[in-house]
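Using the sequences and the hints, build the whole thing.
The lines below spell out each chain.
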Amino acid sequence: MAEPLINRADPESEEAEAEGALAFLRPRFAEERFPWIQVWGYGGSLVLTLGAYFSVVRHVLAPQFLVAAILAMAAGQAALQLGVFMHLRESRGLSWQIVPLALAFFTALGMIGMSIWIMAFKSGVS
Amino acid sequence: MSLELAPEPGRREDLPLELSDEQESVKITGFWMFLVTDVLIFASLFSAYAVYRPRVATGPGPLELFHFGPALLETLLLLTSSFTVGIAIYEMRKGRPGGVMAWTIATLALGAAFVFLEIHEFASYAALGATWHQSAFLSAFYVLVGTHGAHVSFGILWAVTLLVQLARRGLTPVTARKLYTFSLYWHFLDVVWVFIFTVVYLMGKIA
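So the sequence lines, in the order shown, correspond to chains A and B.
Last residue of the first sequence: number 125 in numbering that gives the first Met the number 0, and the count goes up by one each step with no gaps.
Last residue of the second sequence: number 206 in numbering that gives the first Met the number 0, and the count goes up by one each step with no gaps.
Where hints are given, some of them may not hold.
Said to hold, decoys possible - Only pairs whose alpha carbons sit at most 16 angstroms apart, straight line, appear in this in silico EDC-like list of lysine to aspartate or glutamate:
1. B:K93 x A:E31
2. B:K93 x B:D37
3. B:K26 x A:E30
4. B:K204 x B:D37
5. B:K26 x A:E31
6. B:K93 x B:E12
Claimed, not checked - One-sided and incomplete, this derived list gives chain A residues near chain B with beta-carbon spacing under 10 angstroms:
7. E30
8. A51
9. V56
10. M72
11. F84
12. S114
Claimed, not checked - Restraint-style ranges between C-beta atoms, simulated for each label pair:
13. B:H119 x A:A61: 33 to 41 angstroms
14. B:G128 x A:L60: 31 to 39 angstroms
15. A:G112 x B:H132: 27 to 35 angstroms
If you are wondering where the hints come from, they were derived from the structure by calculation, not from laboratory data.
Beta carbons are placed, not taken as given, at the ideal position from N, Cα and C, and that holds for glycine.
Encoded structure:
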């Protein structure tokens, strides 16, 4: 099985001192003898993809719940790719990439959500 | 008497090869910033698709046009290629250039199969008259899915150049950093495709 994540930061460096508010940016590295994490990540993404596919093909839920369920499964897969395969937590110093990436996802959700919302008032706008 | 060499400044041997050099590790952070901008590009295209999806004019809508078979196969190909490039990076961390080469070639083969299927899918829609000037829905569909396909095609060409560099120079902080950024790019495209599969293909079949 996968060995625990090890914080390999130099104990005297600034990232090791990052406590409190910045502790979530501390870099972490996965070390393992067999790529279990990748195998589990691949298995998980297959389960989520086929789960979404069959729940749509078999109409297991009412349409609005089905949409919510498959969007949740897609979000789960995105988290899986970022966490397992993209080594989101790894960096030389603090993992600063997390902050702009989170901002970009927030902006993306805002753009898409607001676009759908404003177009819901069809009679008023178009 | 032994002569101890001072460690190269900016060099951290305790870190993986791609992060060991300060200059190269800054480029990885820079690549994350590029991915941030790419998130926003795809967000704009998804917004356009969400807005134009009902505007089918006289052309077909998602329900009539899409078939699950090719879309599911494309998804499985891309998911598997994301796994193989993940293993390539695992091999790179173990310092095995042969493994990196083999798994990256597998990734490229899967990516090429994906692009081939997508072109085939587009051509089959065009044969039905469903081209991108048919309706706002089709314009948004082709631009969204086509932008993703163009990213994958570019990624294949990029990785071929990286494999040549790997064969010539072996694993160095520079080639390792380049392969690492390629893996970030490829996994990111997989994330985008998961949302295309969900929003375009699966949701297109939910009445």
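These are the hints, each one checked on the structure:
Between K93 of chain B and E31 of chain A, the direct Cα distance comes to roughly 10 angstroms. Compliance with the 16 angstroms bound is thereby established for this hinted pair. As the CA atoms of K93 of chain B and D37 of chain B are separated by approximately 30 angstroms, the hinted pair breaks the 16 angstroms bound. Only pairs whose Cα atoms come within 16 angstroms are accepted, and K26 of chain B paired with E30 of chain A is rejected, the gap being roughly 23 angstroms. Proposed proximity of K204 of chain B and D37 of chain B is contradicted: the alpha carbons are some 27 angstroms apart, above 16 angstroms.
Proposed proximity of K26 of chain B and E31 of chain A is contradicted: the alpha carbons are some 26 angstroms apart, above 16 angstroms. Annotation: proposed proximity of K93 of chain B to E12 of chain B holds, straight-line Cα distance about 14 angstroms (limit 16 angstroms). A least Cβ separation of about 8 angstroms between E30 of chain A and chain B falls short of the 10 angstroms threshold, and the interface hint therefore holds. Here the hint on A51 of chain A is kept, as its CB sits about 6 angstroms from the closest CB of chain B, short of 10 angstroms.
Using the Cβ-Cβ criterion of 10 angstroms, the hint placing V56 of chain A at the interface with chain B is satisfied: the shortest such distance is roughly 7 angstroms. Checking M72 of chain A against chain B: minimum C-beta separation of about 7 angstroms stays under 10 angstroms; hint holds. Because the beta carbon of F84 of chain A sits about 4 angstroms from the nearest beta carbon in chain B, less than 10 angstroms, this interface hint is met. For S114 of chain A, the shortest C-beta to C-beta distance to chain B is roughly 4 angstroms, which falls under 10 angstroms, so the interface hint holds.
The beta-carbon spacing between H119 of chain B and A61 of chain A, approximately 34 angstroms, falls within the hinted interval of 33 to 41 angstroms. For G128 of chain B paired with L60 of chain A, a C-beta distance near 34 angstroms keeps the hint of 31 to 39 angstroms intact. Between G112 of chain A and H132 of chain B the beta carbons are some 29 angstroms apart, a value that agrees with the proposed interval 27 to 35 angstroms.
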